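Residue numbers (my numbering), protein chains in the order written: chain A, 1 to 92; chain B, 93 to 184; chain C, 185 to 276; chain D, 277 to 368; chain E, 369 to 460; chain F, 461 to 552; chain G, 553 to 644.
Any given hint could be a false lead.
[Stated by the list, open to error] For lysine-lysine, the following BS3-like pairs were computed, each having C-alpha atoms within a straight-line distance of at most 25 Å:
#1 Lys5(A) - Lys619(G)
#2 Lys544(F) - Lys419(E)
#3 Lys426(E) - Lys375(E)
#4 Lys419(E) - Lys360(D)
#5 Lys143(B) - Lys419(E)
#6 Lys465(F) - Lys603(G)
#7 Lys527(F) - Lys426(E)
#8 Lys327(D) - Lys373(E)
#9 Lys99(B) - Lys150(B)
#10 Lys373(E) - Lys426(E)
#11 Lys610(G) - Lys5(A)
#12 Lys610(G) - Lys557(G)
#13 Lys544(F) - Lys518(F)
#14 Lys334(D) - Lys283(D)
#15 Lys327(D) - Lys283(D)
#16 Lys559(G) - Lys544(F)
#17 Lys518(F) - Lys603(G)
These are calculated hints, taken from the structure and not from any lab test. Model, not experiment: these values are computed from the prediction.
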Amino acid sequence: MATTKIKPLGDRVLVEPLAAEERTASGIIIPDTAKEKPQRGTVIAVGAGTKDVTMEVKPGDVVLYGKYSGTEVTVDEVDYLIMKQGDILAVI
Amino acid sequence: MATTKIKPLGDRVLVEPLAAEERTASGIIIPDTAKEKPQRGTVIAVGAGTKDVTMEVKPGDVVLYGKYSGTEVTVDEVDYLIMKQGDILAVI
Amino acid sequence: MATTKIKPLGDRVLVEPLAAEERTASGIIIPDTAKEKPQRGTVIAVGAGTKDVTMEVKPGDVVLYGKYSGTEVTVDEVDYLIMKQGDILAVI
Amino acid sequence: MATTKIKPLGDRVLVEPLAAEERTASGIIIPDTAKEKPQRGTVIAVGAGTKDVTMEVKPGDVVLYGKYSGTEVTVDEVDYLIMKQGDILAVI
Amino acid sequence: MATTKIKPLGDRVLVEPLAAEERTASGIIIPDTAKEKPQRGTVIAVGAGTKDVTMEVKPGDVVLYGKYSGTEVTVDEVDYLIMKQGDILAVI
Amino acid sequence: MATTKIKPLGDRVLVEPLAAEERTASGIIIPDTAKEKPQRGTVIAVGAGTKDVTMEVKPGDVVLYGKYSGTEVTVDEVDYLIMKQGDILAVI
Amino acid sequence: MATTKIKPLGDRVLVEPLAAEERTASGIIIPDTAKEKPQRGTVIAVGAGTKDVTMEVKPGDVVLYGKYSGTEVTVDEVDYLIMKQGDILAVI
Numbered sequence: 001m002a003t004t005k006i007k008p009l010g011d012r013v014l015v016e017p018l019a020a021e022e023r024t025a026s027g028i029i030i031p032d033t034a035k036e037k038p039q040r041g042t043v044i045a046v047g048a049g050t051k052d053v054t055m056e057v058k059p060g061d062v063v064l065y066g067k068y069s070g071t072e073v074t075v076d077e078v079d080y081l082i083m084k085q086g087d088i089l090a091v092i
Numbered sequence: 093m094a095t096t097k098i099k100p101l102g103d104r105v106l107v108e109p110l111a112a113e114e115r116t117a118s119g120i121i122i123p124d125t126a127k128e129k130p131q132r133g134t135v136i137a138v139g140a141g142t143k144d145v146t147m148e149v150k151p152g153d154v155v156l157y158g159k160y161s162g163t164e165v166t167v168d169e170v171d172y173l174i175m176k177q178g179d180i181l182a183v184i
Numbered sequence: 185m186a187t188t189k190i191k192p193l194g195d196r197v198l199v200e201p202l203a204a205e206e207r208t209a210s211g212i213i214i215p216d217t218a219k220e221k222p223q224r225g226t227v228i229a230v231g232a233g234t235k236d237v238t239m240e241v242k243p244g245d246v247v248l249y250g251k252y253s254g255t256e257v258t259v260d261e262v263d264y265l266i267m268k269q270g271d272i273l274a275v276i
Numbered sequence: 277m278a279t280t281k282i283k284p285l286g287d288r289v290l291v292e293p294l295a296a297e298e299r300t301a302s303g304i305i306i307p308d309t310a311k312e313k314p315q316r317g318t319v320i321a322v323g324a325g326t327k328d329v330t331m332e333v334k335p336g337d338v339v340l341y342g343k344y345s346g347t348e349v350t351v352d353e354v355d356y357l358i359m360k361q362g363d364i365l366a367v368i
Numbered sequence: 369m370a371t372t373k374i375k376p377l378g379d380r381v382l383v384e385p386l387a388a389e390e391r392t393a394s395g396i397i398i399p400d401t402a403k404e405k406p407q408r409g410t411v412i413a414v415g416a417g418t419k420d421v422t423m424e425v426k427p428g429d430v431v432l433y434g435k436y437s438g439t440e441v442t443v444d445e446v447d448y449l450i451m452k453q454g455d456i457l458a459v460i
Numbered sequence: 461m462a463t464t465k466i467k468p469l470g471d472r473v474l475v476e477p478l479a480a481e482e483r484t485a486s487g488i489i490i491p492d493t494a495k496e497k498p499q500r501g502t503v504i505a506v507g508a509g510t511k512d513v514t515m516e517v518k519p520g521d522v523v524l525y526g527k528y529s530g531t532e533v534t535v536d537e538v539d540y541l542i543m544k545q546g547d548i549l550a551v552i
Numbered sequence: 553m554a555t556t557k558i559k560p561l562g563d564r565v566l567v568e569p570l571a572a573e574e575r576t577a578s579g580i581i582i583p584d585t586a587k588e589k590p591q592r593g594t595v596i597a598v599g600a601g602t603k604d605v606t607m608e609v610k611p612g613d614v615v616l617y618g619k620y621s622g623t624e625v626t627v628d629e630v631d632y633l634i635m636k637q638g639d640i641l642a643v644i
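Let's have the full structure, built from the sequences with the hints guiding it.
This is the structure we're talking about:
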């Protein structure tokens, strides 16, 4: 897992996207439309939260998030997403 | 009921949809339009809630939810829905 | 009045709609447009309320609610409406 | 003033509309457009209020309210309006 | 200044509009467009305020308010405006 | 700096706009488009604030505010702007 | 880093934009579209915060912010951006 000096602000989370699986465990090819489904990624860094939001995720968690969540950020040539914790559906 | 490592975040609920009944108890075929009605599913996992939302449902509850509620998620080849507790109408 | 195992969530109320009166007490036929007026129904079950909403209605109350309030739900072949308490105008 | 068993919910008020005056005190005919102005009515029953709204009006008050405020309700062949207290401009 | 039995509700203020000045103090004719500028009026009566709004203006204050603020009300053949305190820009 | 009897209400601020600089300090002519940039003005009077807003600016401060902020007001033939403190970007 | 007498108001931050990198560390030319990505800048001055927002960034921090965040401000011929802390994604 990449480590980084990037410190997300407020209730934001820095996520390193995992490549969308091409096939299911049993080998079935996942059609593109399926890739519309929630994406997966690893939490790299977490903000301090806000008055209204207590942070639940922590670095190392693998999370599910909506397809169009977050803002793309490239730092030291690594592509990340910065999103609000509210965009994260679950920890898997 | 499926068990899973998926931990919904905040006030979200992981639901495994139940197949829409094709016939009523007394055998009447339910037309498609009726399937627009609230859907049913079993609660698999529940988030910790948020500052504003205390969780009422628990794993094992059978619930009614709006037709277009939640986001489809497939984990270990099982299809689930992740929705906010606010989308759930009732426990039956 | 029907009893049921349905437990509405949060500030929702389960209502069994009463048939719209066809005639007034003194026999005047109520035109369809009048049926646009608030509908009547009997409260069957009540949620626990939320942080912001204390429940005022109780099972057995006959209530007035806006024409398009609530979601239709059929359980054990009985048609109900699940609505928020905020959609209920008054107890009569 | 009509009395009634209708109990408005939350911050709602049951109002019996007063006929819009046709003429001013000094006999001038009030044009229809003037009838666009706030309407008058008598408060018949008042809800208990809500977490955010303390009730100010009471049965018997004559009030001014916006032209399109409230929902028409007919009970026992008497026409009323059920409106939120927030729609009432003033007590006169 | 007119006195009146009208009691505005909540954070509303009863204002008697002052005629828009036709000329400046030094005699310059004010064009109509200038009359788009804030209007002036005298506060006649003030509501009790709300949970969120403490009343600042009092009867007798001359106030500036936005051109399209408030609702016209005629009582005892006197034209007033009922507006929210939030529509008042300043006391002059 | 003009003094005035105008007392802004709530979180409003009375500002006397400064003429947009035609040239930079080093003499470069500022194009009109640049005048789209935040405007400058002197604070003349300040409201008491509201439940949610504590006032930060004080009479005499020179402030930067968005181009289209506030409402034009002419009192005693002096042109002012009345704006919310939230429209003020900074004190310079 | 420029120092300045500009004091941002509330939860605003004064940022001096850094030139968008033309090439990556390893020399690859960054296409314009990439410049749509979050921008970088140095924090010059910070407001006092508001009732709801506690300030996290401080002068000297290098920050990432959304492409279209903030308002351009030129003071003493230096171009800055004034933005809300909420527009800042992270400190890097």
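A quick look at each hint next to the structure:
Simply put, Lys5(A) and Lys619(G) have alpha-carbon atoms about 21 Å apart, close enough for the 25 Å limit, and the pair holds. Distance restraint check for Lys544(F) and Lys419(E): the Cα-Cα separation of roughly 21 Å lies within the 25 Å cut-off, and the hinted pair is therefore satisfied. For the suggested pair Lys426(E) and Lys375(E), the alpha carbons sit about 13 Å apart, so the restraint of at most 25 Å is met. A C-alpha spacing of about 16 Å is found between Lys419(E) and Lys360(D), which places the hinted pair at or below 25 Å, so the restraint holds.
For the hint pairing Lys143(B) with Lys419(E), the CA-to-CA distance comes to about 22 Å; that is within 25 Å, so the pair holds. Restraint check: the Cα-Cα separation between Lys465(F) and Lys603(G) comes to about 30 Å, which exceeds 25 Å; the hinted pair is violated. Straight-line distance between C-alpha atoms of Lys527(F) and Lys426(E) comes to about 33 Å, which puts the hinted pair past the 25 Å bound. Distance hint between Lys327(D) and Lys373(E) is unfulfilled; the C-alpha atoms sit about 29 Å from each other, more than 25 Å.
In summary, the hint linking Lys99(B) to Lys150(B) is supported, as the alpha carbons are separated by about 13 Å, within the 25 Å threshold. A distance of roughly 15 Å separates the Cα atoms of Lys373(E) and Lys426(E); the hinted pair therefore holds under the 25 Å criterion. For the given pair, Lys610(G) sits about 16 Å from Lys5(A) by alpha-carbon distance, which is consistent with the 25 Å threshold. Our distance criterion of 25 Å between C-alpha atoms is met by Lys610(G) and Lys557(G), whose separation comes to about 15 Å.
Taken as a hint, the Lys544(F) and Lys518(F) pair is honoured in the structure, with Cα atoms around 13 Å apart against an allowance of 25 Å. Of the pairs offered as hints, the one joining Lys334(D) and Lys283(D) holds, with about 13 Å between alpha carbons and a cut-off of 25 Å not exceeded. Taking the CA atoms of Lys327(D) and Lys283(D), the gap is about 18 Å. The hint holds against a cut of 25 Å. A hinted pair counts as satisfied when its Cα atoms are at most 25 Å apart, and Lys559(G) with Lys544(F) qualifies at roughly 17 Å.
Our distance criterion of 25 Å between C-alpha atoms is met by Lys518(F) and Lys603(G), whose separation comes to about 19 Å.
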